[in-house]
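*Asks:* The chain contents come next:
Number of protein chains: 2
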Amino acid sequence: MATSSAEGPDLAMLAHRLTGALQRALRQAQADDGDSVIGPRHRAVLICLAPTGSRAVDVARESGQHKQVVGTLVDDLEKGGYIRRQPDPVDRRGKLIVPTALGLEQVARTKALMAAIEDDIVAALGAQRYRDFKLTCERVVKILTDDGTE
Amino acid sequence: MATSSAEGPDLAMLAHRLTGALQRALRQAQADDGDSVIGPRHRAVLICLAPTGSRAVDVARESGQHKQVVGTLVDDLEKGGYIRRQPDPVDRRGKLIVPTALGLEQVARTKALMAAIEDDIVAALGAQRYRDFKLTCERVVKILTDDGTE
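Protein sequences appear in the order of chains A and B. So in the numbering used here, the last one in the first sequence is 239, and the numbering has no gaps at all. So in the numbering used here, the last one in the second sequence is 239, and the numbering has no gaps at all.
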């Protein structure tokens, strides 16, 4: 236990710093853009929605947030007019969370801002290294998700 | 804008998934350990504290969380007996957040659990690739923090 991985900050701290740095960069970009600022956790939900609607459980998995938290965020988004809930055609007891036109516009704008932020990282890091980094990040998530902690 | 970086999920989504997967892995490890479960955001604060105490502003920077959020989390940690606040000897208006014995024990236990989780990742990914991944993660945080979004 705690061999090479014990050097420097652990992955949980790094992940927190990464999330925090991204949130600040995005908030700054949104402010520059004159955009209404949606919280980062709301954004994480909104960006996960399929245009035809998604189930809360899938949004929770996709966004890495707890289902209860997603419920609260979806309530906020509904109040703001970014989403609406409608019955799931394939599950009568279920609801789909469907982005509104305003919600889709917000997603498109946020995606463009994020792409610009990522281009800055690519410029500083190199395309190959950044691509490797993202692939490894996905792989780490998969390792954590598939294997648990054994 | 949005060149190679536009493929696959953007970095904000990856960072969210990574944080979520780590939180679940850690929660699982804590449950196996019979440990009392502190929320991941509380843990992020607790783990940042210097043994002699830290200022809230430094904890916010270190943990990547907003200063107001840190204040709330510190209130919770104080109620749980994990930290106490005491006057900052070098800044009379300021307070230091000092981990208690219980808090330090919690940090040590969490660090051991995180190290075991990281060892699982190293086993699946290889030590070199994981080391590169963490270094690149730190570099990305630095790029985001130094340059803003320009």
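A few of these clues could be false.
Just so you know, same-sequence chains aren't split out, so a pair can sit in one copy or run between any two.
[Stated by the list, open to error] Here are the simulated DSS-like cross-link-like pairs (lysine-lysine), alpha carbons at most 30 angstroms apart as the crow flies: (1) 156 - 184; (2) 168 - 184; (3) 168 - 231; (4) 200 - 168.
Rather than coming from a laboratory, the hints here were simulated on the basis of the structure.
*Asks:* If a hint holds in the structure, say so; if it does not, say that too.
*Replies:* Structure-based check of all given hints:
Only within a single protomer do residue 156 and residue 184 lie at most 30 angstroms apart by alpha-carbon distance; the minimum there is 14 angstroms, versus 36 angstroms between protomers. In this assembly of identical chains, the alpha carbons of residue 168 and residue 184 lie at most 30 angstroms apart only when taken from the same copy (17 angstroms versus 39 angstroms across copies). In this assembly of identical chains, the alpha carbons of residue 168 and residue 231 never lie at most 30 angstroms apart, being 34 angstroms within a copy and 36 angstroms across copies at closest. Taking CA atoms no more than 30 angstroms apart as the test, residue 200 paired with residue 168 passes inside one copy only; the shortest distance there is 22 angstroms, against 40 angstroms between copies.
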